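A.B. asks: Could you build all of it, start to finish, from the sequences and the hints given here?
There are 2 protein chains.
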Amino acid sequence: MISRPRGTRDFTPEEMDRRDHLLAVLKGTVESFGYGEIGLPAFEHLDLFTLRSGPGIIGQMYNFTDKNGRNLALRPELTASTMRFYVNNLQNRPKPQKLYYFGNCFRYERPQKGRFREFWQFGVEFIGSSTSLALAELIAMAVKLMDRSGLRDFQLNIGYLDILRTVMAKIGLPTSALASALVLIDKKNIEGLEDLLYENGTSAKLVSDILSLLDVTGGIELLEEMEGMERDYPELAVPLERFRKICHWLVIMGIDKFNIDLGVVRGLDYYTGMVFEIEAPMLGAEKQICGGGEYSLVPLFGGREVATSGFALGFDRLLLALENQGYVFRAKRLDLFLVPVSPDDIQYTVGVANSLRTAGLRVDLELRGRNVKKAMKYGNSLGAAYVGIIGENERNRSLVAVKDMNSGEQKSVPEADLVSYLWEGRNSLQT
Amino acid sequence: MISRPRGTRDFTPEEMDRRDHLLAVLKGTVESFGYGEIGLPAFEHLDLFTLRSGPGIIGQMYNFTDKNGRNLALRPELTASTMRFYVNNLQNRPKPQKLYYFGNCFRYERPQKGRFREFWQFGVEFIGSSTSLALAELIAMAVKLMDRSGLRDFQLNIGYLDILRTVMAKIGLPTSALASALVLIDKKNIEGLEDLLYENGTSAKLVSDILSLLDVTGGIELLEEMEGMERDYPELAVPLERFRKICHWLVIMGIDKFNIDLGVVRGLDYYTGMVFEIEAPMLGAEKQICGGGEYSLVPLFGGREVATSGFALGFDRLLLALENQGYVFRAKRLDLFLVPVSPDDIQYTVGVANSLRTAGLRVDLELRGRNVKKAMKYGNSLGAAYVGIIGENERNRSLVAVKDMNSGEQKSVPEADLVSYLWEGRNSLQT
Numbered sequence: 001m002i003s004r005p006r007g008t009r010d011f012t013p014e015e016m017d018r019r020d021h022l023l024a025v026l027k028g029t030v031e032s033f034g035y036g037e038i039g040l041p042a043f044e045h046l047d048l049f050t051l052r053s054g055p056g057i058i059g060q061m062y063n064f065t066d067k068n069g070r071n072l073a074l075r076p077e078l079t080a081s082t083m084r085f086y087v088n089n090l091q092n093r094p095k096p097q098k099l100y101y102f103g104n105c106f107r108y109e110r111p112q113k114g115r116f117r118e119f120w121q122f123g124v125e126f127i128g129s130s131t132s133l134a135l136a137e138l139i140a141m142a143v144k145l146m147d148r149s150g151l152r153d154f155q156l157n158i159g160y161l162d163i164l165r166t167v168m169a170k171i172g173l174p175t176s177a178l179a180s181a182l183v184l185i186d187k188k189n190i191e192g193l194e195d196l197l198y199e200n201g202t203s204a205k206l207v208s209d210i211l212s213l214l215d216v217t218g219g220i221e222l223l224e225e226m227e228g229m230e231r232d233y234p235e236l237a238v239p240l241e242r243f244r245k246i247c248h249w250l251v252i253m254g255i256d257k258f259n260i261d262l263g264v265v266r267g268l269d270y271y272t273g274m275v276f277e278i279e280a281p282m283l284g285a286e287k288q289i290c291g292g293g294e295y296s297l298v299p300l301f302g303g304r305e306v307a308t309s310g311f312a313l314g315f316d317r318l319l320l321a322l323e324n325q326g327y328v329f330r331a332k333r334l335d336l337f338l339v340p341v342s343p344d345d346i347q348y349t350v351g352v353a354n355s356l357r358t359a360g361l362r363v364d365l366e367l368r369g370r371n372v373k374k375a376m377k378y379g380n381s382l383g384a385a386y387v388g389i390i391g392e393n394e395r396n397r398s399l400v401a402v403k404d405m406n407s408g409e410q411k412s413v414p415e416a417d418l419v420s421y422l423w424e425g426r427n428s429l430q431t
Numbered sequence: 001m002i003s004r005p006r007g008t009r010d011f012t013p014e015e016m017d018r019r020d021h022l023l024a025v026l027k028g029t030v031e032s033f034g035y036g037e038i039g040l041p042a043f044e045h046l047d048l049f050t051l052r053s054g055p056g057i058i059g060q061m062y063n064f065t066d067k068n069g070r071n072l073a074l075r076p077e078l079t080a081s082t083m084r085f086y087v088n089n090l091q092n093r094p095k096p097q098k099l100y101y102f103g104n105c106f107r108y109e110r111p112q113k114g115r116f117r118e119f120w121q122f123g124v125e126f127i128g129s130s131t132s133l134a135l136a137e138l139i140a141m142a143v144k145l146m147d148r149s150g151l152r153d154f155q156l157n158i159g160y161l162d163i164l165r166t167v168m169a170k171i172g173l174p175t176s177a178l179a180s181a182l183v184l185i186d187k188k189n190i191e192g193l194e195d196l197l198y199e200n201g202t203s204a205k206l207v208s209d210i211l212s213l214l215d216v217t218g219g220i221e222l223l224e225e226m227e228g229m230e231r232d233y234p235e236l237a238v239p240l241e242r243f244r245k246i247c248h249w250l251v252i253m254g255i256d257k258f259n260i261d262l263g264v265v266r267g268l269d270y271y272t273g274m275v276f277e278i279e280a281p282m283l284g285a286e287k288q289i290c291g292g293g294e295y296s297l298v299p300l301f302g303g304r305e306v307a308t309s310g311f312a313l314g315f316d317r318l319l320l321a322l323e324n325q326g327y328v329f330r331a332k333r334l335d336l337f338l339v340p341v342s343p344d345d346i347q348y349t350v351g352v353a354n355s356l357r358t359a360g361l362r363v364d365l366e367l368r369g370r371n372v373k374k375a376m377k378y379g380n381s382l383g384a385a386y387v388g389i390i391g392e393n394e395r396n397r398s399l400v401a402v403k404d405m406n407s408g409e410q411k412s413v414p415e416a417d418l419v420s421y422l423w424e425g426r427n428s429l430q431t
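Going down the list, the protein sequences come from chains U and S. In terms of the working numbering, the first sequence has 291 at position 291, counting the first letter as 1, and numbering is strictly consecutive. In terms of the working numbering, the second sequence has 18 at position 18, counting the first letter as 1, and numbering is strictly consecutive.
It is possible that part of the hints are untrue.
Chain copies aren't distinguished; within one or between two, either way the pair holds.
[Stated by the list, open to error] No farther apart than 35 Å at their CA atoms in a straight line, the calculated lysine-lysine pairs in the DSBU-like style are these:
{"no.": "1", "residue 1": "K245", "residue 2": "K27"}
{"no.": "2", "residue 1": "K95", "residue 2": "K373"}
{"no.": "3", "residue 1": "K95", "residue 2": "K411"}
{"no.": "4", "residue 1": "K95", "residue 2": "K113"}
None of these hints come from the bench; they were simulated from the model. Model, not experiment: these values are computed from the prediction.
C.D. replies: Right, here's the structure in full:
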């Protein structure tokens, strides 16, 4: 018996139904903000990923050479591909551009709960503006995605890389040490950071200032407190003002419960100013379900400088969080399962099925020639809302004997009334 | 500048909109027949494909080894994966099972018009019954998919492998020669077939009978004519009777325009009885847009013997055929683009946008701080149905000055009436 490759998954109709439902909510929400979907290849030239992240990333990727010797890799995420597409074909379109994607991504990692080698990301990229209003809208939309999906317990953390960077710049850290410092901060390895700073000759006062910046977490009230920092570091005036404006718009948009955390650095070296994360605490170690912010990739890929921001959402993790929360997904149910009593009844049954299907109802019929009892049992196992029996009486009088599988109630319904009868049944079940 | 890999494609929002529309039609149609969607990995163990088709297929695949030395391949189609999933996890569910999938597939072939290295297939598998009624429903559903998608000019060809096989069995051809013969028939290489048959010592009478079988093409009336064949070949009575029953049900289902063609053999060696193809003649060399039939794969993958049939539809080709035909796709339009006249108007504008978005409308607003003229030009470039201007007057009186971008008509709409005003606009535009 051949199994599926390690770290991949098959999805049953019941699982795909839930995924489809969640995806429709996410798509509808970002489309209500004016975003349009794009499609991207499953694999890219390996360069696209190493150019940004260095050759170190190869160890976590599915990379291979094709029959012509091209170095390719299955995409580990979709932002790089979106930026490549933008540089190749979208640069001359009016701006800003609001783009979204949904697709599978691939990482060669040890599989564990909530972490797979093939996983799905839903994400957006916003290209061509970096006003505080636009950035606030981006964060507000991420929060709305969580709300609309039905997730109840989540936490929004917002950081601003330029604040930490401005203070670190004062130390005169070399670029490589700065990158290492950001990685340590992302991993909350404060001791490691202290060691690194002292090794690079940072003064005790500066180390203490940096560590206290990382301690800065709290609500909107922090924005006032941070004004004190501008006295010691006048260079902070500009980034702090912009950060305050973003938060100001967020509050106007109805998002007033967030956590300001200057330690949010997103680990990746292409982020620039504002960064944010959304966590679902119930997921434990894999609690981060959404992350994004401002970044710069277009010039690296040979395009003209342009403001870019976006976020990606872990589709599988969001679904897992909803399932853990006990969210009740509305299932796509079969409306009617039809059972002809004898072979003479099949032709009429086929006609009934055909007209109901054309009307958009989900209808199946006994295709194995089983007797009524066995066929009804099968129809019930499919989760059909109704089972319809068709015998000589029904056939001669253009009826269907319909049984409500919830109540057990049975009723003869004229063929002409069946469409409205079943639609009513579907609507009453779904409210 | 990094380009996308050869034979792959990026899709713009306008293209994804069309793909999304077509996919929704296909999904809705097969779901109306009681089919449920499954999800499958993008890559599989290489064995899954070579076990069925022999190592020859490797030359047309994207195969690679992962970091643990596993031999993997990007899926070239989705039937094998579906059967693997069935054997792994679905065997004990009630039967028949109606499964469908939509996904990208990969073949290392020379790219040309309508032929890509990454392409999309929409397909169904029907597991657990092989009654003539069930097979007729399968074909009828394929035709309904074409009709519902809006395709006007297409041709259904139905064949029946067992008829040719029965006659060929009389010759006593060795299995390998039989396989070669089917490939030659699939490629319509009749001369090559003649040579092969004579080389294997077939009598002139038998060769002539086989060639005349391949000449058998025509409408339902052929079913009567074929009764004559039963006199010479009594073994044909059973397959001919079953073939007639399938066609009988098809006619009852309203499908009476089809071409019976015993030369339809589908080239693949895992097909068994009934086979069919749907062609869109306007596509020329790449005219085949759908193909399927009865096949056997489950025992090969270690599962218990079970009846299986299905078909796959070339999603990209169907879309291309619709585009060539001039089909008008209903586009997802932005309902409203909002323009605040001055910075003081932004807060009210953001509130209006938020309530409209929550009501499910597609709304965008000026996020770059441009003046009214430039912002309106941008809103128009987005294809918005309406542009709404918000100045001091509107803000103070809870209005929006709405301009219909089709008619040029302008109107002050109270904020409270905006949702219904825009929904009416959307519905009138789409009819």
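A.B. asks: Each of the hints needs a verdict: does it hold here or not?
C.D. replies: Comparing the hints with the structure gives:
{"no.": "1", "hint": "K245 / K27", "verdict": "within (28 Å within a copy, 45 Å between copies)"}
{"no.": "2", "hint": "K95 / K373", "verdict": "between (63 Å within a copy, 15 Å between copies)"}
{"no.": "3", "hint": "K95 / K411", "verdict": "between (59 Å within a copy, 27 Å between copies)"}
{"no.": "4", "hint": "K95 / K113", "verdict": "between (40 Å within a copy, 32 Å between copies)"}
Going down the numbered hints, you'll see the structure goes against none, and every one checks out.
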